[in-house]
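A.B. asks: Protein chains in written order, with this note's numbering: chain U, 1 to 234; chain R, 1 to 85; chain H, 1 to 85; chain A, 1 to 729.
Keep in mind that the hints are not guaranteed to be accurate.
[To be verified] Using 25 Å as the maximum straight-line C-alpha spacing, the simulated SDA-like pairs for lysine to any residue come out as follows:
id, chain 1, residue 1, chain 2, residue 2
1, R, K10, R, R55
2, U, K2, U, E209
3, H, K40, R, R4
4, H, K40, A, I99
5, U, K35, H, K22
6, U, K35, R, Q64
7, A, K442, A, E248
8, A, K29, A, R298
9, H, K22, R, R75
10, R, K10, R, Y41
11, H, K40, U, K40
12, R, K10, H, E53
13, H, K40, U, G182
14, U, K40, U, S223
15, A, K442, A, G620
16, A, K442, A, K22
17, A, K22, A, T367
18, H, K10, A, I99
19, U, K40, U, F65
20, H, K22, R, H52
21, H, K10, A, D208
22, H, K22, A, K22
23, R, K22, R, P11
[Unchecked claim] Which stretches of chain R does chain U cover? Using the computed rule of at least three CB atoms under 8 Å from a CB of chain U, they are:
id, region
24, 44-55
25, 66-79
In short, the hints are calculated from the structure, not lab data.
For every residue, glycine included, the Cβ atom is placed at its ideal position computed from N, Cα and C.
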Amino acid sequence: MKFGVVVFPGTWSDRDCGWVIDQVLGAELTYLWHKDADLKGCDCVILPGGFAYGDYLRTGAIARFAPVMEQIGEFADRGGLVWGICNGFQVLCEAGLLPGALIRNASLEFRCEWTNLVVERTDLPFTSRCEEREVLRVPIAHGEGSYFADPATLSRLEQRGQVVFRYCDPGGRVVPAANPNGSLHNIAGIVNARGNVLGMMPHPERCSEAELGGTDGLKLFRSVAENALKVLVS
Amino acid sequence: MIARVIVTPKPVVNDPQGITVKQGLASLGFREVVDVRVGKYIEVNLEGSSEHEARQRVEAMCRQLLANHVIEDFRFDIEPEHKRR
Amino acid sequence: MIARVIVTPKPVVNDPQGITVKQGLASLGFREVVDVRVGKYIEVNLEGSSEHEARQRVEAMCRQLLANHVIEDFRFDIEPEHKRR
Amino acid sequence: MSIKSVDERRLREVALTPDEYKAIVEQLKRAPNEVELGMLGVLWSEHCSYKSSKALLRRLPSTGPAVVQGPGENAGAVSIGEGWAAVFKIESHNHPSAIEPYQGAATGVGGIIRDVIAMGARPIALLDSLRFGPLPESSRHFEGVVAGIGAYGNCIGIPTVGGEIYFEDCYANNPLVNAMCVGLVRTDQLMRARAEGTGNRLMLVGADTGRDGIHGASFASVELDERSLERRPAVQVGNPFLEKCLLEACMDLSHTDAVVAIQDLGAAGLTSAVAECAGRVPGAGARIDVSLVPRREREMTPYDVMLSESQERMLVVVQRGREREVETIFHAWDLASAVIGEVTDDGQLTVVDGRDQVARLPVTLLTDGAPMRRLVGIAPDPPLGLDVDALPPLADVGATLLRLLASPNLSSRRGVFRRYDHMVGDATVVPPGGDAAVLRIKGTRLGLAMTTDCNARYCHLDPHLGAQLAVAEAARNIIATGARPLAVTDCLNLANPDRPEVYWELEETVAGLAYACRALDLPIVSGNVSLYNDSNGESAIYPTPVVGMVGVIDDYGRRLGAGLRAEGDFVLLIGSSHNDMGGSEYLKVEHGYVAGRPPALDLTREQAVNRLVLAAAENGFLHSAHDCAEGGMLVALAECCLLGGIGVRCPAIRPEPPLRLDAAFFGESPSRYIVSVTSRAMPELQSLARRHHVELSLLGLAGGDILEFEGQLRLTLAELREAWEVMVP
Ligand SMILES: Nc1ncnc2c1ncn2[C@@H]1O[C@H](COP(=O)(O)OP(=O)(O)O)[C@@H](O)[C@H]1O
Ligand SMILES: [Mg+2]
């Protein structure tokens, strides 16, 4: 099982993700440079957080054209696991690998704080270690994390159960007060219809060790590590 | 050739920035303001080519990079004479 | 009445966003692009008043809030008929 | 050529005095040309030459066993164990932030990061010490600065983990923005920005050069006045994305040994970078060709290029013949690099534009030539006295506490620090909100604690004592996390030193810093001076010597937070309380004035208290520790409750005369901490306290959700929180 972590100019969670994979999880790790033309045999590709190309113009707008993105698109089409975290989620939306877009937080402010997420799907390779409707504590750190999709797309997402994480209160209730950024339907993370491309704004790599305030994020990394080899990549 | 591209949030998309600007204006006493939308203005200076070709190229730039059709609309003008600062 | 305000970085001021977008366009094959400047587009919907008065009010809005005169220039048009979305 | 022949306006433009001009002509034995005059103008500005403060700064202690690099380089460095060094420096960006708060603050952050990069260190944390006029009048400054700091730090991916914010009338026209950056490097890989080796190449990397901030350095050295309006284009726009690429590329330079030195370009741009780099090597010079400098704008003159303060640029000294290796590294990050000159051995900085020589000046004239200014200090009239006995007795403890918690200087800063990414890097093990922040050093058990502190009200009332109190408070903040203070960086923010009472403040401040640092064994390894923080010579700021400090904890598993941790713990006050009401927040908030003497500080007692807390922390006796600062014991206790989400029940306080009740609750005696311990650890803590001869008093028991002093105060955590989190708007 090998994780690949993509590095765009301006990415910064690459090393944090790498640390968790390598030092906490003990899994195999390779970094994928944005100019790379192959995925070096990775079983799961992570697009980490950061400000790729400064997030100038729009978050993820320029990054989606990096050479490595073409490979990632094909990999996803073949059923490979692709996991976008924060800026990675934004890039996946821009690239059309996930529907919708992420816009300015309703507060217009950057927010770095802990949030609670209710897990709506546990049948995914990313969440198999979570309990049904488990509440995870995971930090966010973004200025443009407000999920938007047009009404038709949104209802399709809901109908097909593609919403994986929603911001909630500590008791798991999905209430407006628990929404840190104005996301529609309190959406914090979604998956594609096939279930192999996950995008989420919160940072699981920031809560994978007790000394950082929690270990809920590690559940996601563990899930992937366990399932990646079972996933059929055609 | 200069292309002046305007990118605006689609009407269905929330525009928190617009709302905040409106409130800011109101608190400064501009109470006649009914609504504000904030978008982007992008000035692209292009070399060579005819106006017709430039139009096609800029259209392509907008579709591919300058605007995201999920949340934004765009429009642009081309100013033919090559005006350099 | 609709005012369409365009705020641009002053010519001498560094525009990192413009530089990065230019590079992005170049890497997409738009090599004819010589220069890109990125600014803001602000659409202000105002109630009542004459065009003349609106012009003065919008000018004041720009000075006081919409543009940062230290690093930005602004210009605007007024569209007289009251067009609401 | 006589002085008369350069017109005075020209001299004023480059901020040189006629006497300075005379000194230049004497040393050069000729008149400088335009370009040379501009270069000398910026390097002889207060900002670069320290001509009013250098003599004083020599009094600061800068050596110690842990010091790896003291002042004189781009940043200082101390050894923290296991082969690692912490590299850090604080710097002001006050004047640009007054004009354009957002970009001024952002580029301030960008600038201090480059100083740390120049040492070969990876920046791991940022801190910001801010001062504004009262809100809402100063909200433009406040909002812009906070947003600008966040914009730069968040984008570049360095956590902003600490700092401070004060609101005071004197900063209304002169906000202070001091940014501190902390980096890490293997001690044996520390770089020094020395232009060694004749014939080695000078490479300029990063952003293209534009007409940014020409004369910014001299701008920072004059008072703000109406004319600064005209200088407004002097504001620069930062590009954190480019700096992130520059940072990574510079880190990659450690893969090659082709690099001799790295130097950031900051104030005074290329002129200062090249001169400083050559100036650190006796006899060295440099020759640069401005025509080789990549430009952002057309038609720039050599003058523009030499004085441009475009951000996100670095100068790299490369072994001759190995330029390609370095170019390849920068190219991988899509960064431009250009060889613009070479190191020489003639002691001259020679500037050519293609074939034409445009300037030639001795390096030492640039770096050390500015005549030191001998200023006179005269003590001003003593500040308003305070007759403590005349103060009315405390009426309602609870109401006073709520007002203090809600006061802009004491309320929770969560509304600000949640706008800063303080977690990126996966190292922040004590987040902002308490005393110091602590970052773990990955791959070791070491933790690095860091803080900035200064109560400028105290410094206004007594600069000597105020500066000592700033050092002491910073040290207590470090110790409250369980870490040992190691070393200091300081930023001296003052008004116009040409005024004798301001120069006196500067002298006193430096003396106070030196005294406290000597007493507490804390070397000052880097710093910055920002003078002329007054507009029209009228509204002078309080002397504000911001103290940045780092400390180390050997095992971050033993780190302490400020919040209470467990119900049933004993909550204790360490240290003794006196009638220290002078300059207190209580006096300001409840009685509406700033007066008296700052609290007396006994550094021997301070040391004893600190040793006790450290020993107790090391032995694992403590569950939490929090230093008592502004607002006194009760505010500190309320913070312990709020941060931990646990209340405390205490019997009534009956202070022994002459201690007053208001002073017991709200007095600001230094050398005090609030700690919590398990009942099991109590006897051991008590005997430890006896051994250190430190007073230990039991306040009460942790538990529930009420803060209570029987018969004196009873408030729920919700009530306290509502006051405390009024959120700076
Ligand atoms: N108040 C101070 N205390 C200690 N060192 C100082 C102080 N002010 C300046 N220094 C030192 O003097 C040198 C020059 O400072 P500065 O011009 O700010 O550096 P830079 O050009 O790298 O920004 C640095 O090594 C700095 O650490
Ligand atoms: Mg420097």
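A.B. asks: State the violated hints by number, sorted upward, taking the hints as numbered earlier in the document.
C.D. replies: 8, 11, 12, 16, 22, 24
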